[in-house]
Each structure stands twice: as structure tokens, then as C-alpha cells.
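Student: Here is how the chains run, residue by residue.
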Amino acid sequence: MLTYIAHRLLTLIPMVIVISFLIYLGLELTPGDAVSHMIPPDAYGSMDPDRLQELRESLGLGQPFFVRYWIWISGVVQGDFGYSLAGGVPIADIFLDRLPATLELSFAALLISTILGSILGTISALTRGSATDQGLTVVGMLGVSIPEFFFGLVAILVFAINLDWLPVGGRTLPGYDSFWDRLPNLVMPALVLSIMMTAGVMRYARSSMLDALSRDFIRTARSKGMPEWRVNILHGFRVALTPVIVLIGFRLPVLIGGSVIIEQVFQWPGIGKEFVSAVRSQDYPLVMMVALFSVLAVLIASLIVDLLTAIIDPRVRLGE
Amino acid sequence: MNKLLTTSIMALVSAQVAGGATAQAINDSELSDPRVRQAIAYAIDMETIAETLFEGAAIPAVGLTSDPANYPDGMNTYSYDPERARELLAEAGWDGSRTLDMVYYYPDELTANFMAVVQAQLADVGIDMNYRLLEGDVGAQIGGVPDDPVNGPAVVEWDILYGARAAIANQEYFNRFAPGQMPTVPTIDAMVPLVESVNATTDPEVQRAGYQEMEGIINEGAYILPLYYQQLYIFESDRINRNGAPYGNEQYNYNSAIETWTVEPNEDGEAVAYTNGAPMQFFEVPWQNLGIWVHSKYVFDTILEADGALTPIGGELAETYEVSEDGLVFTFTLQDGLTWHDGSPITAEDVQWSIEAAAQFPLTHPVLASTLSSIEGADALLAGDADNMSGISIDGNTVTITFEVLDPNVFLSFTQFAPLPSSYFEGADPLQLQQHEFWQMPIGSGPFMIEEARMNEFTTLVPFPDYHRGEALIEQIIALPSADGDANLIRNAAAFRADFGYSKNATDVPSLEEMEHMTVIPANIPYTRMFWINQFPRN
Amino acid sequence: MAGDPILSLRNVEVHFPVRTGVLKRVTAHVRAVDGVDLDVYRGEVLGLVGESGCGKTTLGKAILQLVRATQGTVTYSGEDGETELTTQDEAGLFAFRKRLQIVFQDPHSSLNPAFTIFGSLEDPLRHYGVKTRAKRRKIVGDLLEAVNMRREAMDRYPHEFSGGQRQRIGIARALSIDPELIVCDEAVSALDVSIQAQVLQLLMDLKREKNLTYVFITHDLSVTEYLCDRIAVMYLGKVVELCDAEELYSNTLHPYTQALLSAIPVADLDRKSQRIVLQGDVPSPINPPSGCPFHPRCRFAQDVCRSDVPRLRAYRAGSGVHMAACHLIDQPLAD
Amino acid sequence: MVDAPITRPRTRRDGQFDRLRDRETSMQGKAKRGGRFLGKFLSNRLALVGFVIFAIICLMSLFAPLLAQHDPMSPNLRAIAQPPSVEHWFGTDKTGRDIFARVLYGGRVSILVGLGSALLSALIGVIIGVYSGYVGGWLDWIAMRVSEIFMSFPQIILVLLLVAILGQSLLNLIVIFTLTGWGGIYRMARARMLSIREEEYVQALRSFGLGPARIAYKHMLPNALGPIMVNITLSTAAFILQEAGLSFLGLGVPLSIPTWGNILNAAQDLRVLEQNWWIWLPVGATISLFVLSVNFIGDGLRDATDPSQQG
Amino acid sequence: MEHDVALTVKGLKTYFYNNNRCNRAIDGVSFEIRQGKTLCIVGESGCGKSVTAASIMQLLPTLSRIEEGEITYHGPDGPVRIDALDRGGAQMRSIRGKEIAMIFQDPMTALNPVYSIGFQIKEMLMYHTGLGRRARHDKAIDLLASMGIPLPERRVNDYPHLYSGGMRQRAMIAIAMSCNPRILIADEPTTALDVTIQAQIFELMETLKRDNGTAIMLITHDMGVVAELADDVAVMYMGNIVEAGPVGTVMRNPVHPYTRALLDSIPVLGRGKDQEIKAIPGQTPDPYDRPKGCQFADRCMHRIDKCDEMPPETQVSDDHRVMCWRYQEFASNGR
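Residue numbers (the numbering used here), protein chains in the order written: chain A, 16 to 335; chain B, 238 to 776; chain C, 1364 to 1698; chain D, 763 to 1073; chain E, 4 to 338.
So that you can see chain A by itself, here it is in the shape it has in the complex (with noise of 0.2 Å):
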């Protein structure tokens, strides 16, 4: 198993560096750069473009590509996540600052949508049928058919403007230490994040419920007169559980990009939020550096899907 690990762990590394290597030239490509981000266009024609560009020099911009490239990869790999070109902020202490904020908000929906989502499938998928089945249907085709931001507007005026039930967004105030203060906060943002991922995780767990409901060994378990809450619960949810674990793995990179719009409606100062203004602003190392720690965090989730699902059904031997 552990040998598994670290041989999973060190196929990532070539990848990683083909795709950083690849968002690397991409950026390349794309005009501008983060110096002249730095300056309001209402002010650009004022300033004068020598002094710009011996700015762009002392930050490493004028030297040629692969050469920038070498330096901030052999940093990556050293473990130096280098600086924020905009602000000269550690990119180490900004991932510190905001990864917990993406971090809460995309495990409260992970929790809330796992949770809702698959009794929610499995009550459809026993319903086969009936009204109740095709009123989730119905409910979890809309949950996902809404634009996220828009259920996020609309919430944020209802709930925030005309009830004053909730705060309108942001995560945190001076004064709030603890998660409890920071509660009223999460909830409208984790709730309207969850929508598409309950529905998502509510029809999937529906059709696995329904395969599994279907294979010969519920006939099985009903031939040995067990009752009908133990052959649907033990035997086919224990058994629609694995594909459903492996969608909400899949999910897992939503923990660091994934959550962008939501971040955004909800001034949640989150990575994704961050790497919204690292791209607008063009600051290379900083966009590398969510890219490549998303990139990661879908691997690793894929890792952590395949020991899952290796946990969970015996048949999966891992390393094969």
C-alpha cells in the first residue's frame, strides 16, 4: 500500500513539470505582463516606459523564457514557492491564508451535498418510479440547470438584503475567533455551492442504488428472508456506495479551484477568488502556482479515490 503510494506520488512528478512547463508557455504566449498590471491604464500614458522596463528587469521578466522557467521550477521543486510578483508576498503565505478559507467553504458543501445528496438518491432510487422519485428527479435536474451565481444573487437578496438573516459575504470580521462566529458567514455560500453537487451527487447516487438494486445478489439476500431495509441498505447501498465515493473524490479538487464563481458571488477570499485576480493581473508565479496546486490536489484526489474505493470493495487490489 505504502509502496503504492509513493509509486503514485512519483509518477505525478514528470507530469506535474509537462504541465507547469505548458501553463508556463502558455502564459508566455498571452501579452503583457504583471508590471504593466501594475499600473491603472488612466495612467499609463504619464509614465515613463524606461523606468517600466528596468522594473520588469529587476523582477526577472526581461530574461528569456527558459531561463525564467529553470529558476522558478528548480525553486518549486527545492520548495521555495517563490513571491507574488504583484505585492512580493511569499506565494507560500498566501496559499497559508486563503487555503483554509476554500478549504472550509468546499468541505462544508462536500459534507452537506455527500450527505443530502445520497439519502436523497437512495429514497429515489427505492421509490422507483412514484411521485416522490420523480419530484427529486425533477428537483435535481433544476439544481443543476440554475447558474450557481445566479441561485448565489438571488439568495444574497433574499436572505442577506430582505430577511437580514445572513451576512451578505465575506468569511470573517475582527472579532470573530472562532468557527461558530464564522458560521453565519459559511452557510449561504456552502449551501448554494452544494446545490449542483447534491443534485450531481443525488442522481448518481440514484442510478448506482438502482444497478445495484438490480444485480443478482439482492435477489440473493431477499432468498435468505432477510428484511427489505437490510437487503437495500446493507447489500445495495454498501454496494452504489463505491461509485459514489468515486464522484465525490472526483469532486475533491473543487477543495481548491472549483469554487471560483461561488468565491467570487461571496467575496469568500479563498484560492479561487485569488487566482481569478492572479490571472487577470497576470502574475506568473502566483497563477503557476494555483495551477499546479490544483493540478496536484486532482491527482492526489484520484489517489485517494483509488485507496477509497480499494477500502470499500474488496474486489479493487491496488497496483493492478
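Hints should not be assumed to be uniformly reliable.
As the list claims (entries may be wrong) - Label-pair distances were calculated between CB atoms; the ranges are: (1) S334(B) / P827(D): 21 to 27 Å; (2) R1669(C) / L126(A): 57 to 63 Å; (3) T26(A) / R1431(C): 27 to 33 Å; (4) I86(A) / P702(B): 41 to 47 Å; (5) Q1621(C) / A138(E): 54 to 60 Å.
FYI, nobody ran anything at the bench for these hints, they're computed from the structure. Virtual Cβ for every residue (Gly too), placed ideally from N, Cα, C.
Using the hints provided, position chains B, C, D and E relative to the given structure of chain A.
Tutor: Leaving out everything else, chains B, C, D and E in the frame of chain A:
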């Protein structure tokens, strides 16, 4: 029918006013024909746009500068007159075969809407126009001067640029009319001596005369089309009491006397005020955007102080100051016993270091940079030939600055210039000043000091107990990271999380005005939105 | 019976790599077919029997070059001399593809559900030079009639047919390019008994009409007895016994064949025999036992069986030779 | 028919069964045949509803010039932000443009982006996936690695990155969606091919010596079309939502082109959200309805083409 | 006689209601299962043999129901009308597994892959016996041992995928036999297995019948299996039992044309190459488009006009009955 009649009468009248007979294209570009540019000006119904689209939060512009005292008599307002526009186009031989390429760099929806309206109004007089948002390196796409100052070809790749000039000094509007400076306008010979004259004096009267003449020339030739003046909207909640302190140009530093403001205590009895303008990613060096960030305004004190109209009114860190007769020597003395927020004394050495660093820091505001680079020895320092500026000498708390050439904005610049504690920057490269770790928790000299900074979440400020004008009365300022045009400002205001601040965004204004607990006060600022018309032929 | 060989297999091995680990390294091989020598004579029906996983289907595919042998040769002898098929590339095989055909087991997957019968059958014809559509329709119609179906069936889709009909269409397809040899891979196993007989009879009729050679792959020894001239019994990738059909049933030499025959339930109350029940399961072809592959389940196994791999040796039989691979059978003809 | 002494309580199903049984007895011998696929699709009520909505919205967008009385691009400053009226069915936006017309014309672009990208990515994914899935080899290896690279990113991060690299335009957006979308379809098509490859009719074709391209595209591909179509519908829905999301971030189609996302973007303004419901509600509802209908169609297709989901 | 009957089925009709159609899967079947005897239900796919089993166990799919007829289980506490019980009710559940147990065709899919074999045995014990945790574990090991699974102490904790096909079916039987049911229903238990493994399973079932006196209902399509294992046989065709009786009578003197045709259509091992096999023409009808009368009429070479009416079940002798209008003609002239 009635409308048709009125417009044709108006057209007759205005045809007599603008003697377009002599006007013609000066190079291969149709846009170098003043009649075409005037036609564009006539075609745009700025009054109606300001009233409807901008909901009154824009003032149709006449000249480049927003100060009517700068205008000569008989400025043409180019009021909406499509008939006249068509006539002018016909005279200029505009055949409609050319589709103008309009660019802009504001990504907001209001701008896009404005573009759509302009497009429709130009189409109405027979000018096809497509608009697009500039992406990537915007600076490079709007800058660049043709080698041939008359025939081009143009370096920029558009016909019209919708942009703005936000100026601290009027010179900023005109300085690029100096030869070989303007990406869009072929050199206008009459402008050259005028530009020199307004830069060579500190006498407001002389400057004004120059401005008037230049505004007249630009107005007549429609070299640049001023569209509207953007006001600044200062907002306040009913919890805040300024206690008589002035409203002013919040984009820059002025004496707002924030230490005397009070705020209604919250449920816990704490005097906490919310504002916007907290940094989003990092604390910016205060020399760049002089006043827009909360820390630039309240954490750093400047050498001199200005009133709300940015007129110098006295010393802030400086106890006394004076400038010599010829305007080339500026002397000031710092107050005794000033300290930084960390308790260490503010010294003349700090000031000297700051001036030298600001002169080298590439992102220093242009007006400030222009002043500082006029100091004797600045060139040598910038070229790396000297370690210090020979023009700066200190004696105790007194700093004497000798200029090589006269700078018209010495006072203005020093009302905006905040020194930094040099002890934190030993060995730092002034080029990379922004990247210095100091900016993760800056130490300043102003009435408030930074208590806690969580980027993208909030920044809190607390009174600096040893502030030279006394400790501030507001116990805590919580600044949220919303800029103007950001929908979050309105949401925060609606949720009682905006007690004071400002916005330039026209869409914010009606929203804020509708809130019972908010008051919006417009402030006139030198900020003009305009069309730069590219008069060089494009390849 | 023995005439000219149409196909000669010499030491044919088909090993599939087993990839494991993160790097997908080849860590083992499935020895699906492990050194088979076999001749197929023109005009005969050769039965290839064995239990699942013994490699009979793989061997059938290796004959057709659908699976390439990892070692050994498959030689085709025709009027134009002998040709080694295993070394030919796809272009080189083109001429031989016409002579060798296959009928598959599963009537559900043997026809493309997206095409009509004509659509499925016309492409090979086009490939072999039947240019006009009208001609192709005529040929397909004739073929369907040859397998006792109506011409009109060609415009219908596979799902409209029953399993037996589909199997007949499969046979029609194999016949479409006039092959000399047809490999029938479990051609009747998936059919209901009442249908199975129809197809068996059809196969025999066609053989007579067109002078075909069959390699008949099956696990059902009662069918082979009825159908085949010679039978090769396979176990774990190897041929363990090979002889005339009658000889095999009357004088079974190999203990595995004995057990196999005895295990078959016979639908004849008068022929109930004593079952020889083999213990355990067929070992994995990834890691076959040393020596004789059958020794772990063999009642007679001795030390030599555990250590030495028995070779297929010839024994005298009534009219010809009887090949078997067992250490414990006395008197081989010669090595 | 005398009922056996069944003590079991009758359920809702029993009545249903009785009806079926009686009908069967009465129509004995008259077996009806029909396209299984079409029949199953049509019998799925939601899919049918989805298809009708989809068709209506598509046709209305297609015939926008006939349906809309106003030019979607021409502002009218004298009639800004007007509520729905006989003149303007959906009211006007903040520059006085007719929202009904904008929604119709915006639909053209949004549907083009959504459907176009989905079709393009399907085209690429299928062309590569079908061949490499069947043939394998180095092409398969390369395509697999490339798709792995694309799929190692969280979708939105990759889209944003590509927007940053390629810039904002309608064409670029389609390119970006295609780039991010092909991998999924490629993998699905490849997996389908891998399983179809084992079908015996493929072996039969190989035994005839038919070329791999012909076998893959002509004979195997039609049998993978079901899931491919499902995938296309689902990606269409996803791309339309993403277009809206990107517009929200200000990184979508340039604002000069009306798209559903761009129109809906007005809802970011709290005042519009509160006071001018007609500016965002009709377009929000249209996006949601359209995506919903596409999802229903996708679900219906899935049920109709997936043999494992009988019933 | 009556006392040793374990289960009686009378006039059972089970209809399916899929896709808005009604399929009369079983249309009036009657039979009884005797204690300590094996009843083989033989027939081709789709004839309703598995539905019969599912009806007895009340394990029918949702879209189906028992229309008519009686299923009576003669348990130790007197007869129980199974058809009158609620499908999922406690009473039905107490019969399932404890009194009547069932094993299925495909041991690969009939076992839950995520639970160990032991768990799946113990689950049964938990519901139907009062054994404690420890005792259940021991009993599971005992059961596996008695099914001939080597190293039962270790294998009890293994998951199904680690078992071979034959072992899985043994494990299935272990589950079924764990509560000593009076009736064991085996639905094609060896179809998915190789012949040598099939022999092992049959051996095991014979032993169980002998040692425990279990009544076995064995569903198969293979006449050979019938000949080997059955005491009684019922031949099913399209939802009817067309002929039933003791195995000797039915196989030696079949009177229904279908039974006869079936026996004639299969090659029988040992009869050599010259045996004559006769195919049954045509194919089984579409269940939604059945013949009006005798379901076999369309394929029957003895068809007369009267066959358009459904023939009644007629006793040929005490224990031999048939559904055919012309049975007497066949009964007299034998085969």
C-alpha cells in the same frame, strides 16, 4: 415633423459658427480631418446619456479640464446635432466605407452599455463603429508614438480610445501635446510653446492663460473629444460625524482630519466604523496611487497638507516650509518629536531616503515622479552614478531641496508625498520596493495604524496614540476590500458595513442614494472621460 | 481420412502479457496457448475441446491471425504452395483471409446491431471486389437462402431475429467469400437445444455442399462426437490428446479426457456411467503447474508428472495413430 | 375470471396490471412493432417535455428576426429599464434595448457556444477516441497522455487559464470549451471502443481483413453513438452554464455581443436585482429552462440507449 | 403419499407487466415436490422455469404478480399458502431461506462482492437461528467444510472474488443449506460452470439430498442433467408443463411431441457419429404473440386443427401427465 424642423434650423445656425471651410485632412487618415472629428462630437448626445444611462452621475464635458476657469470664451459645446454631423461628414467626403475600431479598457457593464449607445448614435449619422475591450497589456496597446509626427503610420491599432485622464495637476492633461509625445494627435505647432509655458512657472495666472489657449485649440480642432466629467461620490452613513472636517478628493491625500471624526457606538458600545478600500492582495506603496487605499490615506502622513481641492494649506509632518523666489529651492523643517507607529523617531534622514527611493521607484505617481526627478542630482542617482541626490541637504530636522529646473507642482507633490521609515529598508533595491516584506504590515506615521490585515477579508486600523494631532476618536476602522464598481460595495452598504468611503462608479450612486442610512456627496475632481481619436493613418 | 493438411501448426504459443503496477510493467504472461502442434486436413472436421480457459478459442483466433502467435508457425497449404501466415502482415494476409473464416459463439454480439443484415454482410464483399450494390444484394440473398433463411431478411436488423437465426446469418457471413476452412468457435453453445440441432445440421449440409473444412471449437463433447472426424483435447494451453473421434470415445488414453467424458451428463437413462469427479479447479494459466499441467487434479499423478512436461506422443490405434501427452501411458510408437 | 382467495391487499399496481392484462387479451395477435429507441424516448415524459422546450427555444432563437419587433442592439435612452409592456414583452434594459429581442438573439450565441463547443469537442474526441480505442498503439498513448493533462485540471481553472492565454472572444470561447471538453468524450468513446472491440462482429470484420479505420468508424462508431449523444447534450448544458459563469467573472464573450450570460450579468447590480426583475428573471429563466430541457433530453437519451436501464 | 410432499403448486399463473405489455410467463402450472426427491424442471430459455422458482420464493420482480393458483408449502406446522403471503412480510421471510432456500445460476453475481463469504453465511444464520456470534462463525466454517472447501477457517473471511467459480457455487449452496431447509430450489446451478466442476456440484447436491432428505427442485435446460439427477421431471414449454412424471417414464416413453422432439434433437454421448439427430423446425414464439391453443402447435409435425385450442392436462397414468390432444396415439406406439 416638428423635430425635423428644429434640427435643421439648429444645423443652419451651427454651420455658421464653425467655419469648416479651411478644415481638411492633414494626412491619409480620414480622422485627421477635423470635420470628421467634429461630426463625431456632434453625433453623441452626451446630455441625454448622462441623464439616463449614467442617471445623472456624469457631467457632460466641454474642455479637457473640468475647471471652467480654464476655458476661453466661445468654447463649442458640440451639443447633440446629428444633422450637423451628417453635413460635416458629407463635406469631409465621408463615404461610410470605413468602420471605426473603438477600444476601451473598463471591463464594467456600464462602459459596455455606453459603448452600445455611442455605437447606435454614430450609426445614426452614418459612421459604423465596432467596439472592443482591450485585454492583456493595455498600456502597450494604448501607448506608442509614430516616428513621423504628421503622416504616421500610427503605432496603436485602433481608431478611437475611450479612456480617461485622472489628474492631480492640470499639466497632466496637456504635457503630452509636447512634440513626439502623443500616440493619436499629430504635433500641433501652436501647442508646443504653450505646453512649455505652463510647466515653466508656478504662477497660477500664467498657467491659466496657457490652459485657456490650449483648451481653445483642442476644442476647435476636436483633437481629443472630452465626453464627461466623472465626479467622485463620497458616501457616509448616518452613524458617522465628521465634526466639521471637509469632504475632498478622496483619490488623493488631503486633510480630512479623521482624528476628529466620531462614529455612533455599536451594540457593544465600541466606536467602530466600516469603510472600503482595504488592500485586496497587498499593501501598495503609497507613492503609487496616492490616496485610494485606506492605508495611503490614514496610515501615512505627508510632508505638507492639502485641502479638499488639493490646494496646499500648510505642513503636516513639516512644521514650517518655504520656497525660494526663483522657485528652485524648497526648504522644510519637520516637527519635533514625531515618531513612527513603532515608536522610533521620524528623522530628516528618513525623508531624504524616501525622496531618493521614490524617485527611483518606477511606479511612483507621475506628478510626484516629475517633481522628484527635477531635483538636482536626480539624473545621476537614476543613472546609478551617485548614491544620493546632490540637491538634498539636511540639517537636523530641516531638509533643503534644490531643483535643477523649475517644477510647477512642488507644493502639490509634497502634499501627497509620505515618507517611509528608512530603517526597515536598509539595502533594499528601490526598483523592487513593492516586493519588500515591509508591506506585509507597514509602519506609518498617520493617525491610524494597522492592527490586523487579512488580505481579501479585512484590514483593521486603530488610532495611533502618539499622533501629533492627538489620538483619533474612532476606536477602530474596519476596512473591507471592495473597490469602486465592485458590486460588493453596495451589498456591504446595504448590510450596514460601509460608514464612509467613496466611489467613482456611476451605477453605485443611485443605489447608495436609495439607502435611507446613506448620504452621497459628489466631489468635483479633475477626472475627464474622453475619446482619443487616432489621427494617424493605420496600416 | 487423413488427406493433405490445409493448415499446419507448429509449436504455436500465444502469451498475453499481464501488466501490473503503476508503471504497467509486464510482470507475467498468460500462457493461453502453450506450444501446440496440430495439422488440419482438407475436408475434415477437427474438434477442439476443453474447458473454459484451456486456450481453445485463442488457438482458433491464432489460426485466423486474429491473435498473433508469440511463437511458432501457422502454415497454410493451398494450390499455390505453402505459406507461413504468422510472418505475413495485414496486406500479405489479404489473400488468405478469403480462405479462412470464423463463426462465433454469441449470437447477440456476432452481428452489428446498428446495421441491417445486408449492411453487415456487404462490406466484406465490397472489400473482396464485388463492386455493384445489385450484385452484393444478390450474393447476400443467395447466402441467406443457403442457410435456410428468406432473402428479405437482409433488410432487417439483428434484434428482429432469434438466436438461431442470427447464428445462421453468422454462418452466411462466413460463407460470403467462399472460404475453404471455417473455424466454428462454440458456434452452437449459446443456442437452445431445439435450435442447436438445426444449426448443426446446417453446418454439416454446407460442409458436404461446399467441401469445407471445419475447426470446431466447443466444450460439449457430445456435439463433437456427433460432428467431428478428429478431436483434439486441450488443457491449460496444451493439446493433451488427439485422435480420431471414435477412437477417443472408445479408447480414452489421457486421464483428463477420461474424467471429462465421465463428467458429462448423458441424456440416456441406459448409459449412466460412473462419474470420475475431479478435485479442485483448473489452475491459472498465468502460473501453470510444473510438469504435467494436469497433475494436481490427476488421480494417477506420480513424481515424474510433477517434474517433467509430458510431450504429445503417438500410440497405435485401430486405424491410425492416437496422440496423447501423458507419462503414464505405456508403449508409445516412437518419440 | 374468479379470483383465487388472495388475502394480500391490492395495491395501486394491481389496477394498472389488470388494465394491461385486459388490453392484452383484447388485442391478442396484434403485436405492435416500432423503433425501440424512439419508442422509449417518446415514452419518457420528461424527455419529451425537454425536447419540446428545447425545440421551442432553439426555433425562437433561430427565427429571432421574425419574432422580435425590436433590434436587440439598438438602445433607446428614452425608454430605459422599462417593465414589460405590450411594446416590450420582457421590458427594456438599462440602455433601453428590448430584452425579449436580446434574449432571442442572445440565445443564438449561447446555443452556438454551447452546442457548437459540445459538437466540436465530440467531433475531436470521437475521431481520436474511436480510432485510438480500436487500434491502440502510440497514437492512443499520446492521446491518452494529452487528455490526462487536460483532465488534471479542475475544469474552471483550466478554462480561466485558457481565457487568460487566448483572450476573450466568441471564437476563443468555443475553442476553449472544445479544448476542455474533448477529453471527456474522447475517454468515453475510447472506453466504448475498447468494449465494442471485443464484440464478435468486430472480430468477424477483422477476419475479413477490413482496414481498421473502416471497422472503427463505419462499423463500431454507430454503436457508441448513444452515450456520445448523451455526452453531447450534457456538455451542451454544461457549456451554456459555464458561459454564464464566465460572463459573471467578466471573462466570457465580449459584452458587445448579447449572450444569455451577458444579459444575466446585469443581475450583479443589487439595484437591478431588487427593482428590475424583468432584466434578469426572463433570461435567468430561459437559461435554466434551456439547460433543464437539455438535461432532460440527455436523461431520456441515456435511458433510451442504455440497455441496462430497462423499464 | 401426502405426508412426504413438501410443496404443491396448483394452476399457477404468473404474469409480467414490462414495457406496458402483459407477458403470460407461466400460464397454469401444477406440480409437487416430494421430500427427499429431485424434481427437474426442464425447458428452453423463456419457457418460464425460472419464473416458477421465483414465484415459489415470492422473489418476482416488481412489475409482475401471481395471478391465480395456489402454492402450498407443507411445513412442519401444517400447510402454508405461500401465494397468499405478503411478498416482503415477516411470514414469507421466515419461510425464505429457513424452509425453502434457493441457489442461482451465476455464482459470480449472486454473491455480494463487498462482503466476505462468511458474512453472507452468517447473515442467514442470524435471521433464522438463535445462534450466538461465535456459534455462527463456527457453523459457517463447518458449512464450508462440509461443502468441500479447503481451509475453511481461512476462506471464511475471503471475499467472493477470491473464490473460483465452482467454489462460489459451493459457497452459495452453503448459504442455502445453512438452516437445513426442507426444499432447495436450484436454478440452473451449473450452467455457468465447466463440466468437471458441474460434476462436483452434482455430487454435492446428491449427498445433501441423501443425508438431509432435502427436497430439490432443479431447473435446467440439459436433458443430460435430468437423466443423471432427476427423480421426477416436468417439461416446460412457453409457460406450461407439457409433460410431467417420473424420470424413467418421461424419458423412456415420452408422449408429448415436444418432449420427444427435444430428446431426438440432442446428440447423446456414446452413441457415436452415426446417431441421427432431428432438429425441431421453427423457433419459440414471441411471448407477446403466442399461438392461441397449444403453444407448441406451430412447430409440431403432428399438428391437427384441434391444436388451436389449449389442450387440458391429462393423466396418462397415475404419475404421468401430459398436455396434448393426440397423446394417446404416441403413448401407444412408443418411440
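Student: Decide, hint by hint, whether the structure agrees.
Tutor: Consistency of the hints with the structure:
{"no.": "1", "hint": "S334(B) / P827(D): 21 to 27 Å", "in the structure": "holds (25 Å)"}
{"no.": "2", "hint": "R1669(C) / L126(A): 57 to 63 Å", "in the structure": "holds (59 Å)"}
{"no.": "3", "hint": "T26(A) / R1431(C): 27 to 33 Å", "in the structure": "holds (30 Å)"}
{"no.": "4", "hint": "I86(A) / P702(B): 41 to 47 Å", "in the structure": "holds (45 Å)"}
{"no.": "5", "hint": "Q1621(C) / A138(E): 54 to 60 Å", "in the structure": "violated (43 Å)"}
Of the numbered hints listed earlier, the single one contradicted by the structure is hint 5.
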